[in-house]
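Visitor: Chains as they are written, first to last, in numbering that gives the first Met the number 0: chain A, 0 to 79; chain B, 0 to 254; chain C, 0 to 369.
Hints should not be assumed to be uniformly reliable.
[As the list claims (entries may be wrong)] Sample of chain A residues at the chain B side, in silico, Cβ under 10 Å:
no., residue
1, Cys16
2, Pro24
3, Gln25
4, Asp31
5, Lys47
6, Ile55
7, Ile58
8, Ala63
9, Thr66
[Said to hold, decoys possible] Under the rule of at most 27 Å between Cα atoms (straight-line distance), these lysine-lysine pairs were calculated in the DSS-like manner:
no., chain 1, residue 1, chain 2, residue 2
10, C, Lys189, B, Lys45
11, C, Lys218, C, Lys184
12, A, Lys3, B, Lys228
Source of the hints: derived by calculation from the structure; they are not laboratory data. Glycine included, every Cβ here is placed at the ideal spot set by N, Cα and C.
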Amino acid sequence: MAVKGWIEVSDTYCKGCELCISACPQGVMELDMARLTPKGYHPAHTFKEGCTGCAICAIVCPDAAITVFRETTKAVPVPA
Amino acid sequence: MATENLVYERPEAFTEMPTHYCPGCTHGVAHRLVAEVLEEMGVVNKTIGVAPVGCAVFAYNYFDTDFVEAPHGRAPAMATGIKRVLPDRVVFTYQGDGDLASIGMGEIVHAAARGENITVIFINNANYGMTGGQMAPTTLPGMKTTSSPNGRDVETQGYPIKMSEMLSTLEGTGYCVRRSLHDPKNIRLAKKAIRTAFETQVRGLGFAMVELLSTCPTNWGMTPVNSLKFVEEHMIPAFPLGDYKISDAIKQIKI
Amino acid sequence: MPKELWKGNEAIAEAAVRAGLEAYFGYPITPQTEILEFLSRRMPELGRSFVQAESELGAINMVYGAACTGVRVMSSSSSPGVSLMMEGLSYIAGTEIPAVLVNVMRGGPGLGNIAPAQSDYNQAVRGGGHGDYPRIVLAPASVQEAIDLMGLSFDLAEKYRMITMVILDGSVGQMMEPAEMPALKEIHRKGFDWATDGAMNRERRILSSIYLNPYDEEKTNLRLLKRWKDVQASEVRYKEYFLEDAKYIVIGFGTAGRVALSAVREARAQGIKVGLLRPITVSPFPHEVLDQLTGQAEAILVTEMNMGQMLDDVLLTVRGRVPVEFYGRPGGVVPFHDEILNEIHRLTSGTLAVRTDPRESWLTRMTAAS
Ligand SMILES: Cc1ncc(C[n+]2csc(CCOP(=O)(O)OP(=O)(O)O)c2C)c(N)n1
Ligand code: SF4
Ligand code: SF4
Ligand code: SF4
Ligand SMILES: [Mg+2]
């Protein structure tokens with residue numbers, strides 16, 4: 000089963016350039032035409048399931064607007 | 000969010016200020032890679048950056064390090080002055096192609112020739128972005144800019160200058176490579192090169208420069224996505240990616 | 000310390016070293032090259048930095064970078080090289096950091112010649128680089144004075160976060176004189192609260208000359224002027240010779256002042272009540288003392304190795320109260336003391352009028368003579 004991930008896009012930084020959207024291998028991103036950031040851009044978001052947390056969107060994002068998370072499968076190490 | 004879930008977050012070596020770059024401009028990607036590398040190397044608090052004149056003139060607003068702002072083209076000279084009196088600090092310049100390959104040609108060549116232990120991040124976007132898209136020394140033959148409206152005519156305006164190739168001929172250059180920021184794979188390679196360029200400095204192995212093929216969607220008159228395609232289809236053939244010089248000592252560096 | 004025989008340029012270099020110079024960046028140009036050559040040996044010997052830059056542009060920007068870290072740093076050059084450095088000087092001024100620049104002036108404009116001249120007074124005193132900025136300019140007339148002023152130049156640059164220029168001409172640079180050097184002190188970095196030396200245990204710092212908002216830039220300009228007022232109030236320096244009862248005042252700086260002193264001495268021997276004012280800080284100019292002297296003077300003679308640059312500062316102070324005459328030798332010519340003595344005799348003739356531009360009659364006399 001594919002790993003499950005998710006992203007958060009910061010309204011402070013996103014400029015709606017669409018680079019993440021065209022790079023996302025899962026095709027799960029688009030601009031959110033229903034919202035505007037304070038600077039007046041339509042921010043990127045995931046519009047459907049399927050994000051794997053691969054972080055490719057974050058790698059191409061020129062504005063460091065994306066935080067990427069992934070469901071952990073491994074046991075969380077207990078602090079010594 | 001639980002940290003064990005975290006795969007990627009904005010580097011801490013960045014300040015909180017959003018950049019002034021146009022949407023989709025890969026100056027931002029280059030910034031991010033530098034910030035990530037400084038953070039990973041644990042050198043943020045001993046780094047002094049030198050900002051250029053060009054679109055990156057405000058680079059000092061974005062990195063959480065000491066910063067100075069140089070006159071147009073003179074960043075390598077300023078970096079030389081800083082590094083010579085503070086040899087244990089990490090000193091880098093961040094320069095555009097007009098800055099580095101035109102007005103600052105003298106400063107960059109001699110910094111490399113002296114083997115100054117500095118790291119240079121060189122953003123080649125084939126034009127003068129900040130002043131509105133004039134011809135740069137790196138503008139492609141036939142490419143239209145606001146000061147070559149009929150396309151760069153090589154008969155009267157010459158051919159693009161290939162800085163990495165040029166600087167690689169100098170003994171003082173330890174590390175000199177060209178990378179591109181047009182897709183995730185190349186961005187990863189660019190980051191590795193930037194890391195090596197800073198490791199070169201930390202180990203005192205001479206002058207290090209990473210040339211990055213970068214976009215200028217605004218002045219190229221393209222969408223950010225199409226700009227990446229332009230880099231791939233037109234810039235890379237003119238400015239081949241590759242390792243132009245890696246000294247033997249630097250080849251030994253394991254990251 | 001006992002007196003030793005020192006050559007002007009080398010004395011300047013060693014005096015800078017003793018004042019705690021940590022880095023020197025320069026480019027060869029006659030007649031200052033001995034400073035560069037001397038330091039190319041001396042600085043590495045002490046484990047300090049020396050770089051022969053690719054050009055004066057490179058040199059001044061290396062100075063700019065090193066100055067940002069708060070260490071004592073300088074460059075030296077001669078007229079054509081200093082012209083190239085004007086970009087850097089303006090940036091250093093706009094960034095409000097200390098730096099020292101020595102100009103061993105030569106004949107100009109253009110490539111000119113390598114003979115002693117004072118024709119870069121305006122460039123030094125009035126700015127030279129773009130933008131509105133004050134700078135301190137010191138003008139030594141002897142090797143000893145050059146030594147003393149080097150130490151002072153760093154102190155003033157740091158105190159006022161400002162460029163200090165030391166301007167002299169090739170004859171002071173090349174002359175050998177007995178002089179006393181201060182002791183070599185150990186360097187202690189001052190840890191200025193503005194220096195960009197790595198944000199180890201503090202907030203990060205930025206040094207830049209950018210103020211995008213015109214109101215911020217205006218505020219910065221006014222701050223510079225306010226600081227300049229402090230410099231004017233506290234740092235004016237000059238030498239007075241035979242001025243107490245003088246009815247005739249000669250004014251000259253550097254070598255021109257030194258030659259004028261011989262002429263003034265001879266005139267005194269002839270019973271003429273003449274004295275000499277020799278500004279040491281040509282910027283800030285000693286307006287106040289000149290203003291007082293104008294009250295007692297019947298006529299004033301300005302003598303320079305240029306076409307009348309300090310003359311404008313004198314005219315500004317005298318404001319037509321008494322006749323001001325000018326005698327200059329531009330282009331690399333050093334006046335003889337008897338030429339100045341002749342001028343002193345002209346002053347005493349009692350037939351001089353207040354003129355708007357004293358250069359005019361000087362030019363007529365100069366061109367008639369040749
Ligand atoms: C001495 C000087 N000349 C010209 C300029 C105007 N100027 C500002 S930015 C720039 C071009 C910068 O282009 P580049 O280095 O390619 O940077 P980019 O904006 O493309 O990243 C020029 C010519 C200046 N600031 N200073
Ligand atoms: S790449 Fe970054 S800035 Fe561009 S749309 Fe995606 S999140 Fe927004
Ligand atoms: S993490 Fe990967 S899959 Fe998820 S949105 Fe980003 S690019 Fe797409
Ligand atoms: S003008 Fe070009 S280089 Fe400058 S920020 Fe905009 S897109 Fe980037
Ligand atoms: Mg450019």
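Visitor: Which hint numbers doesn't this structure obey?
Guide: Hints 3, 4, 5, 11 and 12 contradicted; others consistent.
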